[in-house]
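From first to last, the protein sequence lines stand for chains P and Z. Counting in this note's numbering, the first sequence runs without a single skipped number right up to 216 at its last residue. Counting in this note's numbering, the second sequence runs without a single skipped number right up to 174 at its last residue.
Since the hints were made in silico from the structure, they are not lab data. Some hints here could point you the wrong way.
The calculated DSSO-like cross-link candidates involving lysine-lysine, where the alpha carbons are at most 27 Å apart (straight line), are [what the hints assert, rightly or not]:
1) P:K152 <-> P:K177
2) P:K140 <-> Z:K153
3) P:K152 <-> P:K34
4) P:K152 <-> P:K140
5) P:K177 <-> Z:K153
6) P:K177 <-> P:K140
7) Z:K131 <-> Z:K153
8) Z:K131 <-> P:K140
9) Z:K159 <-> Z:K131
A partial selection of chain Z residues facing chain P, derived with a Cβ cut-off under 10 Å [to be verified]:
10) H49
11) S51
12) E56
13) V69
14) V71
15) V74
16) Y78
17) G79
18) F81
19) P82
20) D90
21) G146
22) H147
23) F149
24) M150
25) W151
Note that the Cβ used here is the ideal one computed from N, Cα and C, for glycine as well.
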Amino acid sequence: MMRLTLALLTITGLAHGAPATQVAWTPETQELVKSGDPGRGEKLAATCAGCHGERGVSANSAFPSLAGQLPTYLYRQLHDYKDGSRVNPLMQNFTSALSDQDMADLAAWYSRQPPPENSKAADPSQFEDILRLVRQGDSKRIIPPCRVCHGKQGQGEQIDTPRIAGQSATYLEQTLKAYHDGERHNDIYGRMRLIAEQLTSEEIRQLARYYATLQP
Amino acid sequence: MHIDPLEKKWLYIAFGMVGLFLGAIFISALVSGIHPPSNVETIDSARLHLSEEFAEDNLGVRIQPDGTVRVTMVAGRYGFFPRHITLPADTPITFRWASIDVLHGVHMPMTNMSTMVVPGYVAEVTTQFPKPGDYPMLCNEYCGTGHDFMWSKVTVVDKQTWARRHAKTEGDPS
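Only chain P is shown next, with the shape it has when bound in the complex (with noise of 0.2 Å):
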C-alpha cells in the first residue's frame, strides 16, 4: 500500500513538472560523495555483483558496467532511483534502504574499479559517418557534439556527466533511447533528452556501437 501510494505521488509529481533530480550539487553533496569509503562500499556491492558483475563490470550487455564511473554520476542515479526521478522498480527496490552515505560509498568503490578491458579494435572507418555528430555535431538541429560534454574519449567530466565509452552498445542504445522517448528523464533541464530526441534509430545505434568500441 506505501509503495502503491509512494508511486501514484511519484506519477502526480510528475506530472506536476517535478525536477528532474532531488540532487544538488552543492559544496555539502560534494564533499559527502568525496568522503565516500571504498572498503563499506565494496561489502555493500555484494548484492549488486549478481547484475553488474563481481568488480563492476557487467557480463549482462543490459546492464551498465560501473567500474570506473564517475562517482558523482553514480550517486546522483542511485539517488535518483532512490526517489523515483529515474524509473526502474528493481533498481528501487535495492535502493529503497540505502542512506546517503551508503549511496557515497558504493560510488567510491566502483568508481575505483579498473575499467573493462576492451579487446575488440575499433575499426575508424566505420563509424565515418557517425564521427561528425561527435565531433562537429549538428547546427541545423542545435544537436552539440558528444565530446563536448562527454569527453574527447568518451571519459566523462565534471560534475556529472558520465563515461561511456567501453559501456556495452545494447545498455547505451536502450538508454538514449529511453531519452529519446522521455521515458528518462533525470537530465536537469532535458539537456540530454532535447539531444536524443532529435536523433534517428539509426544515429542511435551507431553511436552506441561507436562509444562502446572506446577503451575507457
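Since the structure of chain P is provided, determine the placement of chain Z on it from the hints.
Just chain Z now, kept in the frame of chain P:
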C-alpha cells in the same frame, strides 16, 4: 602658473575631444536605450533546478498581469533552455537569466538584448524587438569546449499574430 598659449590650445582640443566622445557615448546610450544590466539578485546555482522560478516547467515565455512579457531562461553548458521561444514584436519583454554552471553571455545579434549570466546571480534585461524574424541567441563568453555550439532560436512575430496564437497558452509557446 604660466602655461604656454600653444600648450593651452592643445589642452582645450584634448578636453574637447574627451567631451565629444563621452557625449557621443551618453547620447547614443540614452537614445537607443543601452545600459549596463544593474539587477543584483543572488540565487544558488547548484540548486537552480530545485528553485521555483527556474524549475524546468516554469521556464519560457509568460504574460504578466500588466501586459508585459516575461521570459525565464537558464544557461548551462552547452545550451539555453528552452531551446526555442517565440516572442511578440513591439512589446516590452523582460528576460530573467540564471546559469547552472559557469559564466555565460547571452547575445542576440541585431538587437540590444545582451547580458552576462554570472553563476550565483539572476541577470535581468528589459527590451523590445521592433522587427519580426528569426534571431539566433548566442553565448558570447567562452564557457568550455562546446561554447561554439551553444545557441538557441528566437522567433519574433508581430504582436497580433503572437497574441492570437500564444496568449491563451500562457506558457512557453514553442
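Hints and how they fare:
no.	hint	in the structure
1	P:K152 <-> P:K177	holds, 23 Å
2	P:K140 <-> Z:K153	holds, 11 Å
3	P:K152 <-> P:K34	holds, 24 Å
4	P:K152 <-> P:K140	holds, 22 Å
5	P:K177 <-> Z:K153	holds, 25 Å
6	P:K177 <-> P:K140	holds, 21 Å
7	Z:K131 <-> Z:K153	holds, 15 Å
8	Z:K131 <-> P:K140	holds, 23 Å
9	Z:K159 <-> Z:K131	holds, 11 Å
10	H49	holds, 5 Å
11	S51	holds, 9 Å
12	E56	holds, 6 Å
13	V69	violated, 21 Å
14	V71	violated, 15 Å
15	V74	holds, 6 Å
16	Y78	holds, 5 Å
17	G79	holds, 7 Å
18	F81	holds, 4 Å
19	P82	holds, 9 Å
20	D90	violated, 27 Å
21	G146	holds, 3 Å
22	H147	holds, 8 Å
23	F149	holds, 4 Å
24	M150	holds, 7 Å
25	W151	holds, 7 Å
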